[in-house]
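*Asks:* Chains as they are written, first to last, in the numbering used here: chain A, 13 to 485; chain B, 13 to 485.
If you are wondering where the hints come from, they were derived from the structure by calculation, not from laboratory data.
Warning: the hint list may mix true and false statements.
Same chains, same names: a pair is fine if it fits in one copy or spans any two.
[Unchecked claim] The calculated DSS-like cross-link candidates involving lysine-lysine, where the alpha carbons are at most 27 Å apart (straight line), are:
#	residue 1	residue 2
1	K259	K301
2	K332	K83
3	K355	K303
4	K258	K166
5	K301	K83
6	K324	K15
7	K353	K324
8	K214	K83
9	K303	K45
10	K353	K83
11	K355	K83
12	K303	K324
13	K454	K45
14	K178	K355
15	K60	K332
16	K60	K324
17	K454	K178
18	K60	K454
19	K214	K45
20	K45	K249
21	K45	K258
22	K301	K355
23	K178	K60
24	K60	K276
Number of protein chains: 2
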Amino acid sequence: MNKKVINALIMLLIPIVIWYSPAPEGLADGAWKLFGFYLAAIVGLILKPFPAPVVVLSAIAGSALFLGNTKAVLSGYATTTAWLVFSAFALSVAFVKTGLGRRIAYHLINAFGGTVLRLGYVTALLDFVVSPATPSNTARCGGIVFPIMNAVAKSLGSEPGETANKAGRFLMVNTYMVTKVTSLMFLTAMAPNALAGDFMAKMLGVHLDWGLWALAMIVPGIAMLLVVPYITYLFNKPTMTTVDNKKIAAEGLAELGPMSGAEKTLVGIFIFALLGWALPSILAAFGIKFKIDATAVAIVSMVASFCLGAIKWDDMVANKGGWNTLMWFGGIIGLSDALAKAKFFEWLADVMQTHLHFGDNGFVALVIIGIISVAIRYLFASGSAYVVAMLPVFLAVGPAAGVNPMALALVLCASNSYGGALTHYGGAAAPIVFGAGYNDVKDWWITGGVVAIVCLVLTFVIGYPWWGMLGIL
Amino acid sequence: MNKKVINALIMLLIPIVIWYSPAPEGLADGAWKLFGFYLAAIVGLILKPFPAPVVVLSAIAGSALFLGNTKAVLSGYATTTAWLVFSAFALSVAFVKTGLGRRIAYHLINAFGGTVLRLGYVTALLDFVVSPATPSNTARCGGIVFPIMNAVAKSLGSEPGETANKAGRFLMVNTYMVTKVTSLMFLTAMAPNALAGDFMAKMLGVHLDWGLWALAMIVPGIAMLLVVPYITYLFNKPTMTTVDNKKIAAEGLAELGPMSGAEKTLVGIFIFALLGWALPSILAAFGIKFKIDATAVAIVSMVASFCLGAIKWDDMVANKGGWNTLMWFGGIIGLSDALAKAKFFEWLADVMQTHLHFGDNGFVALVIIGIISVAIRYLFASGSAYVVAMLPVFLAVGPAAGVNPMALALVLCASNSYGGALTHYGGAAAPIVFGAGYNDVKDWWITGGVVAIVCLVLTFVIGYPWWGMLGIL
Numbered sequence: 013m014n015k016k017v018i019n020a021l022i023m024l025l026i027p028i029v030i031w032y033s034p035a036p037e038g039l040a041d042g043a044w045k046l047f048g049f050y051l052a053a054i055v056g057l058i059l060k061p062f063p064a065p066v067v068v069l070s071a072i073a074g075s076a077l078f079l080g081n082t083k084a085v086l087s088g089y090a091t092t093t094a095w096l097v098f099s100a101f102a103l104s105v106a107f108v109k110t111g112l113g114r115r116i117a118y119h120l121i122n123a124f125g126g127t128v129l130r131l132g133y134v135t136a137l138l139d140f141v142v143s144p145a146t147p148s149n150t151a152r153c154g155g156i157v158f159p160i161m162n163a164v165a166k167s168l169g170s171e172p173g174e175t176a177n178k179a180g181r182f183l184m185v186n187t188y189m190v191t192k193v194t195s196l197m198f199l200t201a202m203a204p205n206a207l208a209g210d211f212m213a214k215m216l217g218v219h220l221d222w223g224l225w226a227l228a229m230i231v232p233g234i235a236m237l238l239v240v241p242y243i244t245y246l247f248n249k250p251t252m253t254t255v256d257n258k259k260i261a262a263e264g265l266a267e268l269g270p271m272s273g274a275e276k277t278l279v280g281i282f283i284f285a286l287l288g289w290a291l292p293s294i295l296a297a298f299g300i301k302f303k304i305d306a307t308a309v310a311i312v313s314m315v316a317s318f319c320l321g322a323i324k325w326d327d328m329v330a331n332k333g334g335w336n337t338l339m340w341f342g343g344i345i346g347l348s349d350a351l352a353k354a355k356f357f358e359w360l361a362d363v364m365q366t367h368l369h370f371g372d373n374g375f376v377a378l379v380i381i382g383i384i385s386v387a388i389r390y391l392f393a394s395g396s397a398y399v400v401a402m403l404p405v406f407l408a409v410g411p412a413a414g415v416n417p418m419a420l421a422l423v424l425c426a427s428n429s430y431g432g433a434l435t436h437y438g439g440a441a442a443p444i445v446f447g448a449g450y451n452d453v454k455d456w457w458i459t460g461g462v463v464a465i466v467c468l469v470l471t472f473v474i475g476y477p478w479w480g481m482l483g484i485l
Numbered sequence: 013m014n015k016k017v018i019n020a021l022i023m024l025l026i027p028i029v030i031w032y033s034p035a036p037e038g039l040a041d042g043a044w045k046l047f048g049f050y051l052a053a054i055v056g057l058i059l060k061p062f063p064a065p066v067v068v069l070s071a072i073a074g075s076a077l078f079l080g081n082t083k084a085v086l087s088g089y090a091t092t093t094a095w096l097v098f099s100a101f102a103l104s105v106a107f108v109k110t111g112l113g114r115r116i117a118y119h120l121i122n123a124f125g126g127t128v129l130r131l132g133y134v135t136a137l138l139d140f141v142v143s144p145a146t147p148s149n150t151a152r153c154g155g156i157v158f159p160i161m162n163a164v165a166k167s168l169g170s171e172p173g174e175t176a177n178k179a180g181r182f183l184m185v186n187t188y189m190v191t192k193v194t195s196l197m198f199l200t201a202m203a204p205n206a207l208a209g210d211f212m213a214k215m216l217g218v219h220l221d222w223g224l225w226a227l228a229m230i231v232p233g234i235a236m237l238l239v240v241p242y243i244t245y246l247f248n249k250p251t252m253t254t255v256d257n258k259k260i261a262a263e264g265l266a267e268l269g270p271m272s273g274a275e276k277t278l279v280g281i282f283i284f285a286l287l288g289w290a291l292p293s294i295l296a297a298f299g300i301k302f303k304i305d306a307t308a309v310a311i312v313s314m315v316a317s318f319c320l321g322a323i324k325w326d327d328m329v330a331n332k333g334g335w336n337t338l339m340w341f342g343g344i345i346g347l348s349d350a351l352a353k354a355k356f357f358e359w360l361a362d363v364m365q366t367h368l369h370f371g372d373n374g375f376v377a378l379v380i381i382g383i384i385s386v387a388i389r390y391l392f393a394s395g396s397a398y399v400v401a402m403l404p405v406f407l408a409v410g411p412a413a414g415v416n417p418m419a420l421a422l423v424l425c426a427s428n429s430y431g432g433a434l435t436h437y438g439g440a441a442a443p444i445v446f447g448a449g450y451n452d453v454k455d456w457w458i459t460g461g462v463v464a465i466v467c468l469v470l471t472f473v474i475g476y477p478w479w480g481m482l483g484i485l
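Next comes chain A alone, as it looks inside the complex:
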């Protein structure tokens, strides 16, 4: 039998087996059966018999038909979480489509890219600059940063194969490693962040809004961004050192031509979005209370992109990533909302509390959870699958072990991102970069392993004290 068919049958079997098994003690029968559909979705996201949206919609379909809870399981499609990500997707699309992403890249290359190592830092800076408004990793890394760095490598005479070591091998894997750092710095820098935030709110009562997230992550994030290109450089040492960056930049900019109206519009919208997201926290620091909904800002930015001509609605409709994300994302939130309302996660936490002992030291427990949360990523070919499957478990285990909820939330939000650095399948952009052919699995895994460990250490060594200083723990 075809592997896909077997995987589909496994997915099908899960809710059936759970349906006919007795609910564990302390869990209502309805919650147990609903969990069967959720588990089917998790397993489906891992085994991938179908595309992610179809997997999640299948679970919704089963639950709606057999549990009669259509309204409840659809609820996620109206959440501000799902719409924050979906709306900001329009900006990701616009950065690629207008060429603004490339223009920024060439200016950075011109200013700072005099050596191959410096090009690695240019990559980090470029990714960082664009990251606050590009929840699509695929668009940012795969659509903006990767094509440019790939072109740069080629223009340096470094092709896959014999000349890979000249520059491309380092530049390529570095592209991915830095995006795994920038992804943790903003709520809107990676799609699963908002999903993780949703779980934090549901299970820990910790509300990570855009400003708080950015504030907490910016310091450890910048520390990581400073070391990651260098680590990557050490493990993928290029034979070339200096680069004629002025020529590369001049050629790239000449090809782009003068800045278009669409690009200028996008700059304006981008600044509006950043201000809209950051301003409430900035003003709060001065004691000024100013509330503005982050999702409203994202929707306004999206609509402005269409109405002011940065991109066309048809560009958005043609962007499969946006729809796919809205579909599986909204679906998972709906299912997990329904589970939360059925008190499933409370039950899970109770069970964990009874059966697991991490000792009495909350900090040690947090470190252990952090390590496990990274290590387990070898098993997950998708960050989303990891969030859906493992986050509820960690969020149930943590408080039972006396971990500070805010610290737990922030560590997991951080490790969720660089955990994906480990493998060449750890995030949606990884296969794109790996597919360029400059890197081999061994080097990638070694680099990724070191990057993940260093980032985890920095999370505790720099992040943890920083959060303490901020007084949010």
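Here the structure of chain A is known, so what remains is to put chain B in place on it, guided by the hints.
*Replies:* Only chain B this time, still in chain A's reference frame:
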């Protein structure tokens, strides 16, 4: 200034003017300001400065940003109404993609299509057979029925221009006229039906589920379907009479080849969906209570289409119509839900009650409303814009004039469909059919006018007594 820019400015101005005008007596200030954004959406749907989804999302963006009600205005995206339509869209896509629609067509042509007039009836029957699961008019009429009838016309030697009168002129306009009848027969036969049903529930407390809708509409609908092709025939008399239907069918079927697995799967899913939608009402007639959510049935059918291979998820993602509908549809429902919660429609009904007098005869008032609801369609280039703009008004006026709520709901649901027959821009499929070039505006308008009048008469002469017999009035 460009016309689109002017229209966009008009759209922009509406909420600003309303924002700074005092709220009318009896209406809360928040509801009045929210109405400003809703009105902007209505005007935008009529003037079309942007595609429909962008128009509606703009209104949502404005409301979310300035009224701080993001959650409320997004609520429509999780409604079973929006998802019923979106999910059933997958079946529309499947009917086109698998070729099953064409196969049914050729079988019908083979069996009944011996004359040009009979081909008109074959068109009606074909459209009717597919209509219960194709809420996309564009897919059903534009994607299945029209291409076949266009090919048939050409194979009869009837091209636009001199030979148009041979057969094509009748066949083409008839394609559109019959779809305007089948569209009223099932809740899932046209996207705006579900939206109309949503308004009925909100404003009249009348819940038209799938079974009730079909039961109420099937009798007047079939009566219309029997006369409409003949009327169209009279006003667009073809010079040709007999047709070598066996040859056309044989060639068409030969081109399709043997029935594919995807088609067979779709037949199964189609039957499942019909049973799922109709069974509760059928069983209720025998006193058996069986509840199954129509949206759950639609989602299961959609998911089954992907999982069992009738179509691919990518076919759905590539289908702009589905996303466009979900976006503007969910948005409008969210806005109107928010308006309903702010008691806007109650206020509207009060105002109407105070200022309008239709006399004391509820039936006469209903007839007047029916006539106006059709006549006003000359002004609307989109059925959806009509529903959004006019339905709330009619639903507020009706009860004030003593009209039976169920009768009002059913008459408006019916006239909503054939009202679109009037013009060559009255529905999404109209420009497609008109664009084939066989018809001129004058003939189309005359035919459409007579069709709409006859259908309206049949609604009262056959529909009204039938509803009385059913005991639902």
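*Asks:* All hints, please: hold or fail.
*Replies:* Against the structure, the hints:
Taking the shortest alpha-carbon separations for K259 and K301, neither the intra-copy value of 49 Å nor the inter-copy value of 77 Å comes in at or below 27 Å. Proximity of K332 and K83 under a CA criterion of 27 Å is satisfied in both settings, with 26 Å inside one chain copy and 25 Å between copies. For a Cα distance limit of 27 Å, the shortest separation of K355 from K303 across copies, 26 Å, qualifies, whereas the shortest one inside one copy, 31 Å, does not. For the identical chains of this complex, K258 and K166 are intra-copy neighbours only, at 16 Å inside a copy versus 62 Å across copies, given an alpha-carbon limit of 27 Å.
Taking CA atoms no more than 27 Å apart as the test, K301 paired with K83 passes between copies only; the shortest distance there is 21 Å, against 36 Å inside one copy. Taking the shortest Cα distances, K324 and K15 sit within 27 Å of each other only across copies (18 Å), while inside one copy they are farther apart (40 Å). For the identical chains of this complex, K353 and K324 are neighbours neither inside a copy (39 Å) nor across copies (33 Å), given an alpha-carbon limit of 27 Å. Within a single copy, K214 and K83 get their C-alpha atoms as close as 19 Å, and across copies as close as 17 Å, so both meet the 27 Å cut-off.
Taking the shortest alpha-carbon separations for K303 and K45, only the inter-copy value of 19 Å comes in at or below 27 Å, while the best intra-copy value is 40 Å. For the homomeric pair K353 and K83, the shortest alpha-carbon distances inside one copy (13 Å) and between copies (18 Å) are both at most 27 Å. For the homomeric pair K355 and K83, the shortest alpha-carbon distances inside one copy (18 Å) and between copies (23 Å) are both at most 27 Å. In this assembly of identical chains, the alpha carbons of K303 and K324 never lie at most 27 Å apart, being 30 Å within a copy and 43 Å across copies at closest.
Proximity of K454 to K45 under the C-alpha cut-off of 27 Å is found in neither arrangement, the shortest distances being 42 Å within a copy and 61 Å between copies. Taking the shortest Cα distances, K178 and K355 never come within 27 Å of each other, neither inside one copy (56 Å) nor across copies (69 Å). Taking identical chains as interchangeable, the C-alpha atoms of K60 and K332 lie at most 27 Å apart whether they share a chain (18 Å) or sit on different chains (25 Å). Taking the shortest Cα distances, K60 and K324 sit within 27 Å of each other only across copies (14 Å), while inside one copy they are farther apart (32 Å).
Taking CA atoms no more than 27 Å apart as the test, K454 paired with K178 passes inside one copy only; the shortest distance there is 18 Å, against 72 Å between copies. Taking the shortest alpha-carbon separations for K60 and K454, only the intra-copy value of 25 Å comes in at or below 27 Å, while the best inter-copy value is 56 Å. Taking the closest pair of Cα atoms, K214 and K45 come within 27 Å of each other only inside a single copy of the chain (20 Å); across copies the shortest separation is 33 Å, beyond that limit. Taking the shortest Cα distances, K45 and K249 never come within 27 Å of each other, neither inside one copy (53 Å) nor across copies (62 Å).
Within a single copy, K45 and K258 get their C-alpha atoms no closer than 62 Å, and across copies no closer than 54 Å, so neither meets the 27 Å cut-off. In this assembly of identical chains, K301 and K355 lie within 27 Å of each other by CA distance neither inside one copy nor across copies; the values are 34 Å within and 30 Å between. Taking the closest pair of Cα atoms, K178 and K60 never come within 27 Å of each other, the shortest separation being 37 Å inside a single copy and 55 Å across copies. For the homomeric pair K60 and K276, the shortest alpha-carbon distance between copies (25 Å) is at most 27 Å, but the shortest distance inside one copy (40 Å) is not.
Hints 1, 7, 12, 13, 14, 20, 21, 22 and 23 from the list above are not met by this structure, while the remaining hints are.
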